[in-house]
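> Start from chain A and add chain B according to the hints.
Listed here are the chains, written in short residue letters.
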Amino acid sequence: MKKNKKMVLFVSLILAFALVVTGCTSKPALEEAAGEIKIAVVGPMTGDSAQYGQAFKKATELLAKKVNEAGGVNGKKIKLEIVDDKNDAKEATNVAQKLVSDQDVIGVIGHFSSTASLAASPIYQRAGLVELSPTSSHPDFTSQGTFMFRNVNTQAIEGPILADFAVKDLQKKNIAVIYINNDWGITAKDNFVSAAEALGANITAVESFIGGQTKDFTPTITKIKNTKPDLLFLAAMYSETGMIAQQIKQLDYDIELLGTSSLNNQQLIELAGPAVEGLYLTNNYFPEDPSENVQGFVQEFKEAYGTEPDQFAAVAYDSLDMMISALKVSGPDRAKLRDALAEIKDYPGVTGKTTFNENRDVLKDMIIMQIKDGKFTLFKK
Amino acid sequence: MILQQLINGLTLGSTYALTAVGYSMVFGILELVNFSHGSVYMVGAFLTLIFLTSLKLNFFVSFLLSIILTGLLGILIDKVSLYPLRRKNAPKVTALISTIGVSIFLQNLVMLVWGSETKNFPLVINPGAVELMGVKVSFLQMIIFSMCLVIMIGLNTMIQKTRIGKAMRATAQNAEAAKLMGIDINRVIMITFFIGSALASVAGTMVGMYYQTIDPYIGYMAGLKAFAAAVLGGIGVLPGAIIGGLLIGVIETLSAAYINSGYRDAIAFAVLVLMLVIKPSGLLGKQVSKKV
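Protein chains in written order, with the working numbering: chain A, 786 to 1166; chain B, 233 to 524.
One or more hints might be untrue.
Said to hold, decoys possible - Interface residues of chain A toward chain B, partial, derived using beta-carbon atoms under 7 Å: (1) ALA835; (2) GLN836; (3) LYS1000.
Unchecked claim - Stretch-level coverage of chain A by chain B, calculated; a stretch enters the list once three of its residues show a Cβ under 8 Å from a Cβ in chain B: (4) 987-996; (5) 1005-1015; (6) 1018-1028; (7) 1031-1038; (8) 1053-1059.
Don't read these hints as lab results, they were simulated from the structure.
Where is the CB? At the ideal position from N, CA and C, for every residue including glycine.
Isolated chain A (complex conformation) (with noise of 0.2 Å):
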């Protein structure tokens, strides 16, 4: 007890004493530092998601080229650093550490999986740092402090949008899941099955999978054809949905499919091609949309990679430039960055109109889109 009460008072002191320190020279230092600002973007760079943290590099690292040679936000340019995060729990929290302490660091954008923002988000929150997740869509994940912001529907209102869709639009009735078994897909599965029951459906199966580890759904597609479901939704990444999809040809079986807005994603249709065409998908950006300022990411982000970004890059992108617009207004200042952040309204970014509520959740609208003759088409606006 006693020792503790004395590690307790050092720790504290040595805290008051970095308070000290950086109270009376971070400052300074920075504007000394060539006028750069230092925004951290993290997520899976390695590791079997890698393919998500390489889109959020490859769009933050086009828009803060492009903003720099603009001359950067008030004269200061934008200097990124990609840190690599694995997807995991645990490393997400020695990341998080290492950014915290390196003074120089204003935002983060990160992390990926709603599993790695919720681990991180205590450091981050004790620090006052902004995290802004352009995808973690747990609904605990805002809630963990005020630092916390979010730029993707949470599945508390992803869930009904696809669950009234599936009941009211496609008039299924007996609907069957199969869910990744993380907090992202327990939320997302939650969400649209009490919707769907509170509109009427009738689930039929519910079955659940590791995500990178099940490769072989034979069974649980076995299983989910006898309780003959009409729908079957998938709350799923790209990857297993479609190993689900040609297992589910494979078997012989036909059934309509849906899925959430992590499906839109090129890859979905080379990897399982004809195997996903009809399954429909809600989204809020859609590379097709005439508007000018899709577009014009579109244009850039294919001169600059030679593909066309999905879901993860445009999210990031103006995961970014809200993050450099706020900027604008708060300087290189952690604590008034996130005020900054948080009074913005109706941004129009590539990914719709952007609001933070009360609670740093944003309200985006969704479409629904399906995939038709190998190209995702929309649906209903």
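Leaving out everything else, chain B in the frame of chain A:
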């Protein structure tokens, strides 16, 4: 439904068995748990895919090239990461850790070169399916299943009947004595690694084609399951690897179908532990007294 689930399970089991045979053979001869086997399996699948899609080669040519290259990779792994340890008489556990290192290296190398996205593996040979009593069995499933049997019988014959097989058995019994009898044990080990890795490429390609997708992570779970299958059947005993693989596949499928799909691996491995407690040497394994 139970019949269809059994077929699902047997196919899944055959994919494990196919991988387990190579695992078991390397262990039988070197007494080395080769954890890089799973990654070699993944590399084999990727090589076939790259020859097939990037170089647009014929499937059988791609497959053959992949088998040979993966076999050579096996030799390289031995020369780089295991031979130096053997020469220094390092304990066996060092070699085991070394293979884990190789496994991680290969996984990251493939990710670096080809990216981490899940890739489509085209169904190049699609021989169709037959329906028996309401159960659908595809010919690809049958090919995978019979491939296991052919490989097992072929390997068994080679080990029991041929000169090199004899040398392998001698090396397995006592490498020192084998050396004294004029057997070039480094050559024997090289051949063992070549065959084991070539088989991994066969397994990787077949499984990739069956599921039509591959990613750099397929080796991890496949390696683990194959290892479990080999241990369950009695490691070093080739028919045991087949039986172990089929058993794990069926248990996993049935637990996903009738208990809970989230616990399929947990249940399969719990059964493995239970069986090993009852029969530590595995189903077909013989209790051998350890040489002192």
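> Quick one: see if chain B covers the region 1031-1038 of chain A, three-plus residues with Cβ-Cβ under 8 Å.
holds (count 5)
> Should the hint that LYS1000(A) touches chain B count as held when the rule is a Cβ pair under 7 Å?
OK, holds: LYS1000(A) within 7 Å of chain B, min 6 Å.
> Please count how many residues of the region 1005-1015 of chain A have a CB within 8 Å of a CB from chain B and say whether that reaches 3.
holds (count 4)
> Any CB of chain B closer than 7 Å to the CB of GLN836(A)?
5 Å, holds
> Check whether three or more residues of the region 987-996 of chain A sit with their beta carbon closer than 8 Å to a beta carbon of chain B.
With 4 residues close enough to chain B, the hint holds.
> Min Cβ distance, ALA835(A) to chain B: is it shorter than 7 Å?
4 Å, holds
> Okay, the region 1018-1028 of chain A and chain B, do three or more residues pass the C-beta test at under 8 Å?
This one holds; 4 residues, not fewer than the three required, reach chain B with a Cβ under 8 Å.
> Taking a Cβ-to-Cβ distance below 8 Å as contact, does the region 1053-1059 of chain A have at least three residues touching chain B?
Since 4 is at least three, the answer is holds.
Checked against the numbered hints listed earlier, the structure breaks none of them; every hint is satisfied.
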